[in-house]
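Colleague: Residues per chain, in single letters:
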Amino acid sequence: RKEVEQDPGPFNVPEGATVAFNCTYSNSASQSFFWYRQDCRKEPKLLMSVYSSGNEDGRFTAQLNRASQYISLLIRDSKLSDSATYLCVVISGGGADGLTFGKGTHLIIQP
Amino acid sequence: DTAVSQTPKYLVTQMGNDKSIKCEQNLGHDTMYWYKQDSKKFLKIMFSYNNKELIINETVPNRFSPKSPDKAHLNLHINSLELGDSAVYFCASSHFAGPTYEQYFGPGTRLTVT
Chain F
1 RKEVEQDPGP FNVPEGATVA FNCTYSNSAS QSFFWYRQDC RKEPKLLMSV
51 YSSGNEDGRF TAQLNRASQY ISLLIRDSKL SDSATYLCVV ISGGGADGLT
101 FGKGTHLIIQ P
Chain L
1 DTAVSQTPKY LVTQMGNDKS IKCEQNLGHD TMYWYKQDSK KFLKIMFSYN
51 NKELIINETV PNRFSPKSPD KAHLNLHINS LELGDSAVYF CASSHFAGPT
101 YEQYFGPGTR LTVT
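If you're matching them up, the sequences are chains F and L in order. Per our numbering, the very first residue in the first sequence carries number 1; after that it's consecutive. Per our numbering, the very first residue in the second sequence carries number 1; after that it's consecutive.
Bound-form chain L, shown alone (with noise of 0.2 Å):
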């Protein structure tokens, strides 16, 4: 059973577009989270979710917004896609109060904006 699960795995569009991308974790986990990487393989935290708290990294644009209808899901909403948001994006969950703060990367969606 795949533990960090994300759809689309490839996603092609054009600028301007509006697209989201869903992230599903069986792990039981608390707490979920988007990265960024880019094409310097630069991998940045976007949006830390544990159920009832939204911390969102001050860099991120308001274009992009993290919504999630349970726990188990964070689906990441983007609009008005720009070139520059080609990237790979990784959702990822872990137990908030663990004391390792492993956290469970999904496949990846690899972004391109055209």
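Okay, chain F solo, but in the shape it has when bound (with noise of 0.2 Å):
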């Protein structure tokens, strides 16, 4: 099992729907989560921290389930300039062996 896993995608979403996707990890010793959010050809950039109690920032919502090893993020009303790639990342312990990207989830707003 890989250590941190997303859909791909493309999600292909009409604007102004709602849209969530997960990210699973395998180290049950994790001890912070992420979502990072990187348009084309861009950088990576800071969406959102995940809590354990859940958070919300706008219309993103980040959740994590311990239980089942897993974070999510809902987007409601979704907007065209929300298409990007999102990336969960998963903090294991301190330096480069504990922090990992999965791969991104690939977001496509359609008007």
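Careful, some of the hints might be misleading.
To spell it out: a stretch of chain F is covered by chain L in this simulated footprint if at least three of its residues, at any positions, have a beta carbon under 8 Å from a beta carbon of chain L; those stretches are [stated by the list, open to error]:
1) 20 to 29
2) 42 to 51
3) 85 to 92
Keep in mind the hints are simulated off the structure, nothing from the lab. Note that CB positions come from ideal geometry on N, CA and C, so glycine has one too.
Hints in hand, dock the two standalone chains.
Modeller: Shown next, in the form of structure tokens:
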């Protein structure tokens, strides 16, 4: 089983719809979780951290399910500008050996 | 002001050459990183360096060596370039002790080895 897995997509979603995708992780000792966004030919940028109790930032909601070892990202009222690749990041320790990016989920919002 | 900058943005070179990519951050962060993103868009960490400790991803060939002249710079030197080294290389920085470990990425260097 890979350390961090994401459905690569693409997810084609009409503008205004709600979309959700998950990221599973294999290390039960993982400590911190994040969602990053990467636009085409650009660098990744932090979208939001994922807290144990779940957290919301505007149209974006992140959830953590430790029992099933996955995190999720929900986007409500999707905008054309939400089109990007969403990368989940799992930290299992300090330094290079404890930080893992998923391969990303490609989201396309269609007008 | 650019928070994390990299030079060059594009680098085309031949197999066997030695090249360096420079990275600078003006955020006052104490940890810097190098990542490789291959043609399949998989982003993989290569090194992290927090001014005193270098942590190397064991899968990185020893042809790759990070060099940090000071806390704000972490350059990547690559010896004997191979075709498989073609990728986008991202530098990033963060507060090592920060609760969020938010990483700020540079714009990337697109390396093409011919």
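Colleague: If a hint holds in the structure, say so; if it does not, say that too.
Modeller: How the hints compare with the structure:
no. : hint     : result
1   : 20 to 29 : violated (count 0)
2   : 42 to 51 : holds (count 6)
3   : 85 to 92 : holds (count 3)
Hint compliance for this structure: hint 1 is the single one not met.
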